[in-house]
Amino acid sequence: NAGVTQTPKFQVLKTGQSMTLQCAQDMNHNSMYWYRQDPGMGLRLIYYSASEGTTDKGEVPNGYNVSRLNKREFSLRLESAAPSQTSVYFCASSEVGGPRKTQYFGPGTRLLVL
Amino acid sequence: AQSVTQLGSHVSVSEGALVLLRCNYSSSVPPYLFWYVQYPNQGLQLLLKYTSAATLVKGINGFEAEFKKSETSFHLTKPSAHMSDAAEYFCAVTDTGNQFYFGTGTSLTVIP
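These protein sequences, in sequence, are chains S and L. Taking our numbering, the leading residue of the first sequence gets 1, the next gets one more, and so forth. Taking our numbering, the leading residue of the second sequence gets 115, the next gets one more, and so forth.
Chain S with its partners taken away, still in its complex shape (with noise of 0.2 Å):
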């Protein structure tokens, strides 16, 4: 099983340029979920699909959007680039059943904006 994979792994963009990031696990699991980590920040949840047709905001949802596609799928769009949105993004998936769930993460897409 390949778990959560993220395409791609490196991305440059320029300010105002567009673009979507990929996850799709393949764990059949319910819950999907989109972070990025920053130097001395940690992970923050941009926003997560709790089940296959839901979408809700996380902590930094500004700038972003998402679309659950299907079970397998999430994706990240950024429509209009900003410098501060550079990071490292990953998508994590996890199984239902409350907090006991564990997440499990993709390797991450590292995204410099100029």
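Hints were generated in silico from the structure; no laboratory data involved. Careful: at least some of the hints might be erroneous.
[Stated by the list, open to error] Calculated Cβ distances over 10 Å to all of chain L for the following chain S residues:
(1) N70
(2) S75
(3) Q85
[To be verified] From the derived model, a few chain L residues whose C-beta atoms are all more than 12 Å from chain S:
(4) G130
(5) N138
(6) Y150
(7) K163
(8) K172
(9) S184
(10) S198
[What the hints assert, rightly or not] Here are some, though not all, of the chain L residues that point toward chain S, as calculated from beta-carbon distances under 10 Å:
(11) S123
(12) S142
(13) Y146
(14) F216
We treat Cβ as the ideally placed atom computed from N, Cα and C, and that holds for glycine.
Chain S is fixed; fit chain L onto it per the hints.
Same frame as chain S, but now just chain L:
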């Protein structure tokens, strides 16, 4: 609101020495607590989790953590550090399981 505080952004230990990484949490409801490890250029992997079953939790690679409600702490320990333990460690908390709050991380260096 929930949060976690990790004291010490960088910790160095000698190989074979005790590892102690500190995590204090703030939660208005009984928390569920997690420790994750991140190796360079990789995603996070679960080390262990506390889900109210037992206060002393054993994880992978010889790590364990003790939940102390009176101190609102969930410190991570390992009796004897190995070179392969060098990584970044994150403490996280949740109550509902939808929103997880991560600490800022502790980078562990193991000195040979």
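Evaluation of the provided hints:
1. N70: holds (20 Å)
2. S75: Non-interface label stands for S75 of chain S: nearest chain L Cβ at 17 Å, farther than 10 Å.
3. Q85: holds (19 Å)
4. G130: holds (29 Å)
5. N138: Answer for N138 of chain L: holds, closest chain S Cβ roughly 14 Å.
6. Y150: The claim is violated: Y150 of chain L sits with its nearest Cβ about 8 Å from chain S, within 12 Å.
7. K163: Not fine: 7 Å to the nearest Cβ puts K163 of chain L too close to chain S.
8. K172: holds (15 Å)
9. S184: holds (21 Å)
10. S198: holds (19 Å)
11. S123: With Cβ-Cβ at 7 Å, under 10 Å, it holds.
12. S142: Nearest chain S Cβ about 14 Å off; hint violated.
13. Y146: holds (4 Å)
14. F216: Cβ of F216 of chain L sits 4 Å from chain S, so the hint holds.
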